[in-house]
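Each chain, written out:
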Amino acid sequence: MLGARNIHRHFEGMHAVDGVSIEIMPGRITGLIGPNGAGKSTFMAVLAGTLPASSGTIVFQGQDITRLPAYQRARRGLVRTFQLPSEFGQLTVLENLLVAAPDNRGESLLGALLGKRYWMPDEMRLVEQARGLLKRFGMSAKESDYAASLSGGQKRLVEIMRALMLRPRLLLLDEPMSGVHPSIVNEIAGYLEQLRDDGLTLLMVEHELHMVERLCDPVVVMAEGKVIGRGSMAALRQEREVVDAYLVG
Amino acid sequence: MNTYYAANLLIFAGVDIIACLALNLQFGVSGVVNFSFIVFQAAGAYAAAVLSMPPDTAPDYSFQIYVGGYQLPFPLPWIGGAIAGGLLALPIGLVVLRRLRADYQAIALLVTSIIANTVINNARPVLNGAAGLVLVPQPLDGVINTNTNSYQYLYIGLTAICVAIVWFVAARIVNSPYGRTLRAMRENELAASALGKNPTALKMAIFVVGGAIAGLSGAILVGFLQVWAPSTWLYPETIILFAAVIVGGRGNNVGAILGALLVPLGFEEVTRLLGRMNIGPPTLIPALEWVCIGLLILGFLWFRPKGVVPEQRRVFPGAPAVEDETRWVVGKRAR
Chain A
0 MLGARNIHRH FEGMHAVDGV SIEIMPGRIT GLIGPNGAGK STFMAVLAGT LPASSGTIVF
60 QGQDITRLPA YQRARRGLVR TFQLPSEFGQ LTVLENLLVA APDNRGESLL GALLGKRYWM
120 PDEMRLVEQA RGLLKRFGMS AKESDYAASL SGGQKRLVEI MRALMLRPRL LLLDEPMSGV
180 HPSIVNEIAG YLEQLRDDGL TLLMVEHELH MVERLCDPVV VMAEGKVIGR GSMAALRQER
240 EVVDAYLVG
Chain Z
0 MNTYYAANLL IFAGVDIIAC LALNLQFGVS GVVNFSFIVF QAAGAYAAAV LSMPPDTAPD
60 YSFQIYVGGY QLPFPLPWIG GAIAGGLLAL PIGLVVLRRL RADYQAIALL VTSIIANTVI
120 NNARPVLNGA AGLVLVPQPL DGVINTNTNS YQYLYIGLTA ICVAIVWFVA ARIVNSPYGR
180 TLRAMRENEL AASALGKNPT ALKMAIFVVG GAIAGLSGAI LVGFLQVWAP STWLYPETII
240 LFAAVIVGGR GNNVGAILGA LLVPLGFEEV TRLLGRMNIG PPTLIPALEW VCIGLLILGF
300 LWFRPKGVVP EQRRVFPGAP AVEDETRWVV GKRAR
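Those protein sequences? They're chains A and Z, same order as listed.
Per numbering that gives the first Met the number 0: the first sequence ends with 248, consecutive numbering throughout.
Per numbering that gives the first Met the number 0: the second sequence ends with 334, consecutive numbering throughout.
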């Protein structure tokens, strides 16, 4: 699905990502764990194209996407969410989802000028699609709420639903449980399992290790910008370097 | 109230409404802080002027120096003004909007405004320098008598038609999926790009559209005033338009129109009338006007950041009921 080879990302001499290689297999949730400052989020940003790599190669579905900007990667199905909530605050929940929909004739300047008759059929079809997602994620009642007014957990769900509107092939989730009430954590985990069972491939940065154990296989461990271990969570618990660097650290 | 004063007010209102609708598209809807907005209005005004004026070798015009002088019939100078504004947006946008972060974009655009004014002020062979252009022919000059009340009404009508066209364009953009994407970019550019939106292309497009509309507003203005000089488009003029959009309400066209009527027109008229009351030295009222504009911006940003008419919530047919002040139902308007 995605192969990253020898990825480096430097910030004025600081090696945030230092020669990371990773292979993401389709239909699985790959976990990416490590202590704070390990370079996980930077690596994810490099994969998504929101940060350019200093060097290295990224191949997605057989095509080299290393030099592609984020928006072109997203259009090819490589979609990310963010560590901090990144909702469009002054748009409603439904609008947040509709923004992500890729095939609306009113999305171009010319389409907009041609008027509602031109784009309304697409709009209504996408509204139905978005409402289907809202129903699936239990957010129908919040459809017309401003995204800024939602709780942390609800914002996470909006981000995931928004990404799904793009019909991604690989979804990169950056700490989807972060800042979320424990009661919602289980709910989000259930949704992610459903998405995996539906055939979606996910890469997830997460600190909640019990959730990583429940959802992710394989798991990749990073520390100081490098990969220091990979395998199942159970196997990683037996690796001394991983345990020293992270699991008891 | 005499006809000329009424025409003056209405035409200035039309020009300000057009300008505020354009700035609202850029700043209010898309989040592009275009501190060089007035340059695009000026480009339209100069373009319309040199397209409608005779060559600077003509007997009555030989005291000026300028490029062009094509004596094109109306409405070509107005169309040319709009095209000039849009074309100017291309090089400026390509330099400023592609790589710079939003705050640096604003600074770069402010500097662009100052540089443009300084260059035109000092390069006399281009557009007659600081003295500016005078005797700019009014639309249909030579075809009908322009020194009548009827002509004033005609000019008001022409301005109103332009306001209606610009409203139509702005409304279609703001209320479309394209407008929604622009608002998403305003809210979080990085997240929008991660969802497959190209922020540079979006900003460039709205920069060109806004530039063209600004150019049209300049063309209307110069046709009425018949003069145009660097002193009429100093960078603080842009701040007045920003104040209008902030006061009226960012992100919606009704707010932009209200802002245009309250700030550039209403506010300046009030202070102009105060100036006639001989309070203090002659420079006091104009200076206080700038202080008040600044306080107005600060006051609204602090106490009512969404403006007098806040951006409307978009509710789709069949949505669960929301307790809301004002909302926009897609396809129709509702309270």
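No lab work stands behind these hints, which were simulated from the structure alone.
Predicted, not measured: the structure shown is a model, and the values here were computed from it.
For every residue, glycine included, the Cβ atom is placed at its ideal position computed from N, Cα and C.
Treat the hints with care, since some could be wrong.
Distance condition first, Cα-Cα at most 25 Å in a straight line; then the derived SDA-like pairs of lysine to any residue [as the list claims (entries may be wrong)]:
{"#": "1", "chain 1": "A", "residue 1": "115", "chain 2": "Z", "residue 2": "101"}
{"#": "2", "chain 1": "Z", "residue 1": "305", "chain 2": "A", "residue 2": "243"}
{"#": "3", "chain 1": "A", "residue 1": "115", "chain 2": "Z", "residue 2": "166"}
{"#": "4", "chain 1": "A", "residue 1": "225", "chain 2": "A", "residue 2": "197"}
{"#": "5", "chain 1": "A", "residue 1": "115", "chain 2": "Z", "residue 2": "203"}
{"#": "6", "chain 1": "A", "residue 1": "115", "chain 2": "Z", "residue 2": "8"}
Cβ pair distances, simulated, as ranges [claimed, not checked]:
{"#": "7", "chain 1": "A", "residue 1": "109", "chain 2": "Z", "residue 2": "302", "range": "35 to 43 Å"}
{"#": "8", "chain 1": "Z", "residue 1": "300", "chain 2": "A", "residue 2": "196", "range": "44 to 52 Å"}
{"#": "9", "chain 1": "Z", "residue 1": "94", "chain 2": "A", "residue 2": "68", "range": "12 to 20 Å"}
{"#": "10", "chain 1": "Z", "residue 1": "70", "chain 2": "A", "residue 2": "113", "range": "45 to 53 Å"}
{"#": "11", "chain 1": "Z", "residue 1": "93", "chain 2": "A", "residue 2": "196", "range": "27 to 35 Å"}
Partial list, computed: chain A residues near chain Z (C-beta under 7 Å) [said to hold, decoys possible]:
{"#": "12", "residue": "79"}
{"#": "13", "residue": "82"}
{"#": "14", "residue": "83"}
{"#": "15", "residue": "88"}
{"#": "16", "residue": "99"}
{"#": "17", "residue": "103"}
{"#": "18", "residue": "111"}
{"#": "19", "residue": "136"}
{"#": "20", "residue": "140"}
{"#": "21", "residue": "232"}
{"#": "22", "residue": "234"}
{"#": "23", "residue": "245"}
Against the structure, the hints come out as follows:
1. A/115 <-> Z/101: 31 Å, violated
2. Z/305 <-> A/243: 52 Å, violated
3. A/115 <-> Z/166: Between residue 115 of chain A and residue 166 of chain Z the Cα gap is close to 16 Å, so the pair holds against 25 Å.
4. A/225 <-> A/197: 32 Å, violated
5. A/115 <-> Z/203: Given pair residue 115 of chain A, residue 203 of chain Z holds - Cα atoms ~23 Å apart, limit 25 Å.
6. A/115 <-> Z/8: 35 Å, violated
7. A/109 <-> Z/302: 35 to 43 Å: 40 Å, holds
8. Z/300 <-> A/196: 44 to 52 Å: 49 Å, holds
9. Z/94 <-> A/68: 12 to 20 Å: 19 Å, holds
10. Z/70 <-> A/113: 45 to 53 Å: For residue 113 of chain A against residue 70 of chain Z, whose Cβ atoms are near 36 Å apart, the range 45 to 53 Å is violated.
11. Z/93 <-> A/196: 27 to 35 Å: Because 47 Å falls outside the window, the suggested range is violated.
12. 79: At 5 Å from the nearest chain Z Cβ, residue 79 of chain A passes the 7 Å test, so the hint holds.
13. 82: 12 Å, violated
14. 83: With a closest approach of 10 Å, the residue 83 of chain A hint is violated.
15. 88: 6 Å, holds
16. 99: 5 Å, holds
17. 103: 5 Å, holds
18. 111: 4 Å, holds
19. 136: 15 Å, violated
20. 140: 5 Å, holds
21. 232: Violated. Min distance 28 Å.
22. 234: Constraint on residue 234 of chain A not satisfied, violated at 33 Å.
23. 245: Status violated, d = 27 Å.
Hint compliance for this structure: hints 1, 2, 4, 6, 10, 11, 13, 14, 19, 21, 22 and 23 are not met, and every other hint is.
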